[in-house]
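Student: Given next are the chains, with one letter for each unit.
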Amino acid sequence: DSGVTQTPKHLITATGQRVTLRCSPRSGDLSVYWYQQSLDQGLQFLIQYYNGEERAKGNILERFSAQQFPDLHSELNLSSLELGDSALYFCASSGGTGVNLYEQYFGPGTRLTVT
Amino acid sequence: AQKVTQAQTEISVVEKEDVTLDCVYETRDTTYYLFWYKQPPSGELVFLIRRNSFDEQNEISGRYSWNFQKSTSSFNFTITASQVVDSAVYFCALVNSGAGSYQLTFGKGTKLSVIP
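Sequence order for the protein chains is A and B.
With our numbering, the residue at position 49 of the first sequence is 114, and numbering never jumps.
With our numbering, the residue at position 19 of the second sequence is 1351, and numbering never jumps.
Among the hints, a few may not be true.
As the list claims (entries may be wrong) - The following residues of chain B were derived to be distant from chain A, with all beta-carbon distances above 12 Å: (1) 1343; (2) 1350; (3) 1360; (4) 1392; (5) 1416; (6) 1428; (7) 1437.
As the list claims (entries may be wrong) - The list that follows gives simulated cross-link-like pairs (lysine to aspartate or glutamate, EDC-like), each with its CA atoms no further than 20 Å apart: (8) B/1370 / B/1350; (9) A/122 / A/66; (10) B/1335 / A/147; (11) B/1370 / A/127; (12) A/74 / B/1350.
Said to hold, decoys possible - A few chain B residues that don't get close to chain A, going by computed Cβ distances all over 10 Å: (13) 1354; (14) 1361; (15) 1376; (16) 1433; (17) 1436.
Keep in mind the hints are simulated off the structure, nothing from the lab.
Where is the CB? At the ideal position from N, CA and C, for every residue including glycine.
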């Protein structure tokens, strides 16, 4: 158990809908990352938050947004969903000091199916 | 730009055989970090190891060992005496230390099947 929690585990929704994925980082970790894993694109970085502020953006669509709250949990919002958004969405967190800052621990993922 | 290449898409071995998973990376940074993650059939991503670019010592942890060679930009992973529980997809990943973001760049993964 990595200590990172994600809810829900599975999500099935229709095209055009909006969903929210939730992530709680490991205790004490200030950084939260979101990744998307799909068959054709592999594991891709979406966005990073550090202590409530956006730190970096990757291949995140404009239809997607995220935020990190004062209690450090994070939400990833996906809107106007398309079939191609079906994927496994991972949240990861990192913290500590020195080189341990670079170690990311992943949650169990949320499997999103868009029908 | 940085890139991680795992040329082996799938590998099958018989239980108790040794197996090496290859990883080649590209980066312009002089300080970077390399990782291996395991994704078993259940789907979660499990952190296995971090290696710093400034530390070329190889590492052994039980049946797992890692060979980091800066000269060839490789960070290979060997499982000795493989077991069925080792069946998983293994990902190699890279982080650059600059720019304040520690986003991981992943390879495409190598699916390892250990046959009893």
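Student: Identify every previously stated hint that the structure contradicts and give their numbers, smallest first.
Tutor: Numbers 6, 7, 9, 10, 11, 12, 15, 16 and 17 - these are the hints that the structure violates, sorted from lowest upward.
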